[in-house]
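Protein chains in written order, with the working numbering: chain A, 126 to 544; chain B, 4 to 175; chain C, 358 to 1283; chain D, 8 to 94.
For the record, the hints were derived by calculation from the structure and aren't laboratory data.
Yeah, the Cβ is synthetic: ideal placement off N, Cα and C, and Gly gets one too.
Don't take each hint at face value.
[To be verified] Lysine-lysine pairs mimicking DSBU-like chemistry, simulated, CA-CA at most 35 Å apart: (1) C:LYS492 / A:LYS179; (2) C:LYS492 / C:LYS1263; (3) C:LYS809 / A:LYS331.
[As the list claims (entries may be wrong)] The following label-pair restraints were derived from C-beta to C-beta distances: (4) C:GLY667 / B:ASP168: 34 to 44 Å; (5) D:ALA51 / C:ALA1174: 50 to 60 Å; (6) C:LEU473 / A:LYS144: 55 to 65 Å.
This is what each chain is made of:
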Amino acid sequence: MKTPYSAFSLLRGAFNGQKHWEPAWRDPEPRSSYDVIIIGGGGHGLAAAYYLAKVHGIRNVAVLEKSWIGGGNVGRNTTLVRSNYRLPQLHNFFEFGLKLWHNLSDDLNYNVMFSPRGAMFLGHNDGDMIKLAERGDAMRCDGIDAELLSPKQIAKIEPLLDLSRSARFPIDGALIQWRAGTARHDAVAWGYARAADALGVDIIQKCEVTGFVRDGNRITGVETTRGRILAARTGICVAGHSGHVAGLAGLRLPIEAQTLQALVTEGVKPMVQSVIMSQSLHCYISQSDKGGIVMGGDPDNWPSYARRGQPTIKEGAIAQAVSMMPALSRLRMLRTWSGVTDMSFDGAPIIGTTPIDGLYLNAGWCYGGFKATPASGWTYAHTLATGKPHELNAPFSLERFMTGATIDETAVGPMPNHR
Amino acid sequence: MILPGNATVTETTSITMLPAAPLHALEIWGNPQAVATRVHKALGFALPVMNRSANNAATTLLRFEPTVWLVEGDVSVLADTLGDDAALTAIGGGIVRFRLAGPHWRELLLEGGVFDTSLAAFPVGAAAATVIDHVGVRLWAQSEDACVAYVPASYAQGLHHFWDDALPLLGT
Amino acid sequence: MSADKTRGPTRAKTGEETIAFTFDGTTYHARPGDTLAAALLANGVGLVGRSFKYHRPRGIMTAGIEEPNALVTVGKGGRAEPNTRATDLFVYPGMMVQSQNRWPSLAFDVAAIFGLAAPALGAGFYYKTFFGPAKHWLRYEAFIRRAAGLGNAPTEPDPDNFSQTAGFCDVLVVGSGPAGLKAALEAAEAGSRVMLVEQDAVPGGSLLRDPDPAIDPAAMVERIKALGGKVLLRTTASGYWDHNFLTLSQRLAEPGAVPPHGFAQRLWHVRAGRVVLATGLIERPVPFANNDHPGVMLSQAVRSYVRRWGVLPGQRVVIATNNDDAYLTAQALVEAGAEVVALLDARASGPAAPAGVTVYHDARPSSVTGRKHALRNVTAVIGGSEQSFDADLIAVSGGFVPVSHLHMQAGGKLTWNEEAQAFVPGETPQVCETIGSALHPPAAPAAAPAGKAKTSFVDFQNDVSLADIDLAWQEGYRSVEHLKRYTTLGMATDQGKTSNMTALSRLAEKQGVTVPQAGLTTFRPPYTPVTMGLLAGAGARNAGAHVRRIPLHDLHEAQEPIWQPLGYWFRPRAYPVDGEGLVAAALREAQTVRTVAGLSDVSTLGKFEVSGPDAAALLELVCATTVGKLAVGRGRYTFMLREDGFVFDDGTVWRLAENRYLLTSSTGGADRMAHHISYVRNSLRPDLKCSVVNVQEHYAGIALAGPGSRRILAALTGAEPPRHMGYAPGVLAGTPVHVLAASYSGERAFEIHVEATHAAEVWRAIEAATRAAGGAPYGLEAMELLRIEKGHVVVGGEVDGRSTPHDLGLGGMLNKAGGFIGAAGLTRPALSAPSRNNLVGLVSLEGPIPEGGMLIQRAGQSPQGHVTAAARRILEGGAIALALLEGGHKRHGEELIVTSPTRGEKARVRVTSPHFYDPAGERYRD
Amino acid sequence: MYQIACPHCGPRAQTEFTYERTTDSVVDPAADAHTAMHALYTRANPMGLDDEVWRHTYGCRAWMVLTRHRVTHEITAVKAIGPEALA
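With the hints as extra help, turn the sequences into a complete structure.
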């Protein structure tokens, strides 16, 4: 039993030099077989392992991570959490997740610093405002919070936005979801890892999957850099590299890997209170607890596995941000980073079965994977435990592309680079 | 407001919006060598190669695309040479021509640009299509001292302002 | 503030102190060429800032861009730059500087109380507490956020411009130290196009600290320039990207200063043939207790202040080193008249020390105590025993870190130099090499820290100590990345330039492995932080999106219309008269069209001229309707599908001549349509004999609609206008025009397309004739009322990217022969499912219909569809709307509720056909 | 930002170009529905070289096939596609 995290325990540590803390997770050797193997020690994989153990009682589980846990997209995003989607399949899925987020710190006994500070989409003309109302109305009809704001109401929350009529893209209003916000991304990975480990899940780092063990049309395990490991069910959960890993099993996916960049400025005293996004512009802004302005924009819309973005893409997003909030001009960009995203061909994720028995897929998160972590883990655990999708992830099947039942929130069609 | 003929002039540099001129796209889709020969005969000069220009008193041809030439000026003699292999389409209403003149025009075009306008890379007579401050423009190095920029009419005012703003930086 | 004559930093006055500036409201004087740090030290100021977490007092530690402690806000109003390094800011007249992260004052900071709680606030403490519902965390967080952060952001707009400029060169040399100068000059002399970049205000690099009479940086720079080279000072190569592309940030004015040409900074986008990195070294600090106090300074920084600026950072100095370089600092201090009370060398032996300096070997500092601006005392472990020294400054050198950031950004590898305990640049995939000291750091053997871990700081700005690293290790955060993220080490504004190697050494020690085995963090751009305004460039003003002006903009403007932004375009939305509002004006305009005639600007429509023998074949690939059977002089409505079978645009196609067609498409989709047609023509069917020319901007378009339109046009052109869906060339106001008889409004209507440069004459003639007939111009809002009533779909509205032709009631128009783009996608089963959303009309039974509202049968139900566009009947009154409804084609007559919870609106509606007005088209057919 | 050797214009900045799709996802307009949808909706995603259709959209507007490495970003070949052009 690990020492539970609490203020009391921290104070106790003040007198013993904090010497009483154990490692947050073990560093086990891989066993020869498990009930379930999850490939990928990112947020989704660790969450799926945790819910497998906690909800389904399946504890003989290994999470295989080629590098160090949390080193993929869960550790390189802009930490936004929201469920304000127009399409019901998406908002219902993400709303389920948002509810989990609200209690996640207590559930994991790890403060993931989920901060429901509100996320607003700005509208810049009548067309935008109607689209925002449509989205808000669709959410409200399904029991999800959404509220339209006037420019005056926006000014009270974000006085530094350029709310003048002379702005290049004047702000006519916004749709805010108050229950949305941000979280500490690394803590999400670490919190799930610590909690899963406590339930018996083996988290195996520096263990790269190099191939699949196949028996006819069934996957029975994986080959790794640390040897062969067998399992009744194997789940791929490596967003960013899904195309590559699925390729090891002979699958071609409706996915293209692209680079998504983000950046943070030097820390300043609080100046942005909520999460700001725009219906017409392609940038989003929030402020971290350390004071840095965190922002991102569109992906580099061509395929790449290099975690290396192109400067002009970033500059375009910054131009939009500074034009919306001129006070950002003299802040300095401190650090940039990039993630490799699975751009799916309708913008929605894929969670479910594959044409190969024993092999399951969790992929295609585009640029929205972080917020999905609890819901993705929950529904993927359900799918891995039962062999069937949960009702929330049933629409996100791999087959939908061939049948035409795509879930196209931005309605731009099959080319991820047009998204 | 900018009207045709409006200009910005500093001690060293001038930016002049030229009056509207007949502009056509000449696109060749078949028998390119034969068309080239016919055009050469009709105009008295050969179709320019990629990213180059050629002209006589009445007509200037600029090649910005592998199969399309921008024709400035009179097209009457050209029209008869095309047959079923090529077509002319008028486009002059959508393009505003700017003349950037003075010793710093190459430097001015580096502002917001991505294209090497140095003499070695863009000699007199050369033509190039590129992007400046997010606007697709076509450039013609008309002489040592001047360049003509072909700008989509809807962006002409925006780009003119952009260039005006950059003028104080030239030669610094 | 009066400096203690025998303690703390000082400088002898020479009369050159001619530049006045203020720091926290006090006026000081500096010499030309002083950095703020040099000037503050010269004025006896050692306390400059407070640390991030514990608000500990901090001074000046370095003389360069690696400074972790001395951060200030400089300038005022929209020019204020927070978090500016005092060591990277050259004093200018009138400069206003404020210290940061302290309240009420730098000397007395209330938040320093955090320091007392430090034992409970170790690495990652926040992960272990503040539990409860997320709302509770919001409250704790508000407090934490206020305590964190550094300076304040400006609240006013930035008055200055920022330039972005393309640069091209054969050789780009980064760093103007001895190696960089030599490389740049050699390349220039060999005839290469050279750029030399230096972040300092003067060239020379290490020569400014350690002059070499044989090298004259200024003369070399002049020679490089004379050979055509470009030398950029105050310019930092901050990013190294793919294919030898680098971003350089150049200061045209010091932070906070008014720039001479209106431009504060310039961002160079440089493509280089070859890159030479002569980036030098950064000195490593030494961990010991309270090693963050003002008066603890890097050895080379001390030497820089003494030699370059004539400042004595201390008068009784202890030097602590593990290498030979610090002996040069002892020499410099002695020459400047300071007393070197001890030279602590961690090694068993070292070079000869300057006369009068006592060297202790096997000696390491263990702690210091201090007063406000300087130290009081230094304690060292010498051999096995402790010894204290009365000193006001300790100059430390823990070895050197090669500046390999750009090399790594370029994808280069590092190799381990055991002698120097340093990573040096190795192989690189780009055309790039590192030269000079960055490749050959001096020997500096590892020395174990001697002080208490808890206050032996590693990352000064973020208050990460050796104890925090130890705790992270203990808790299993053992990869370098976990360590960094758990402790926040290297995440401060200095990005770990002075802390990474110390931390790695500690990690390696914990793991019992060598430093390279322990790992390495990656460096990503920027090398030093870059202002957002600079990265935004001119885009800060317009979001990188110039307004697109329609050809008749000024003509409309004279009528003072309400403008409507539409993408990048601005179009007249209505032309109010007599103080009308938008709604009234639009209704009047629409009524005028229904009863008399109106004219409207439709110039932004996508337009393509397609010519050649295979023009029809190309169009039948792009369009989902037939095209080939059109007679010359005829046109038809058409729509285009994406490859997945969904409708993505619509328009009209006209056969102008035997082998020439005009295709129109929506305004919003014009650019993507141009790209799509080019893809189809050039990539899929390069064999077709045809030419496609985008004539969107060539032609201005004027719609003339209404029962009187035919007569008006006939009078203007002197010819009978074509019948519905007919085309004819004509002459209007002396100008050749294309007349297309197409109706969007539901009335008899024409589109008149004219070369944009002559559009004004044509508009004026039509407007005069229309007004004479009792008509008027109409804007987009009236057009919307007209088309909704007529039941025409619009791209971006009903054509929402998720609709099939059948959904929109267009299925019957599909080309039966197939062969068009999207035909395959359309066969997928989900595209003909009965539950799809279909286009319907709605007639209100009660209340106005909210646009965007949801369609439900009863309260509490999930939506079955939504309103895409709402209007009122133009002549009859009454609310109508278009909507997409599940299975809607078969639900005409049903009663539903439109609800908009976000606006608190509701209406009762009946589902109908979407064609409310003249469904048979009798008003425009002959 | 890449430098792409346009077959018509020589080396130019990536800003002038747009990526379209991989060559194996080009849909033949004459293909049957299954073949067409399979091409449209799947990719090979190699962690190495792939052939891609790009366009010099803000330059000469011509189309080309780039052979490009997905990890190193090295462009090993560029081939013009499109109608026959005059040399």
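Outcome of the hint check:
1. A distance of roughly 25 Å separates the Cα atoms of LYS492 (chain C) and LYS179 (chain A); the hinted pair therefore holds under the 35 Å criterion.
2. Of the pairs offered as hints, the one joining LYS492 (chain C) and LYS1263 (chain C) holds, with about 33 Å between alpha carbons and a cut-off of 35 Å not exceeded.
3. Simply put, LYS809 (chain C) and LYS331 (chain A) have alpha-carbon atoms about 34 Å apart, close enough for the 35 Å limit, and the pair holds.
4. At roughly 42 Å, the beta carbons of GLY667 (chain C) and ASP168 (chain B) sit within the given window of 34 to 44 Å.
5. Range check, ALA51 (chain D) to ALA1174 (chain C): Cβ separation about 33 Å, and the 50 to 60 Å hint is violated.
6. Roughly 20 Å separates the CB atoms of LEU473 (chain C) and LYS144 (chain A), a value that falls outside the hinted 55 to 65 Å.
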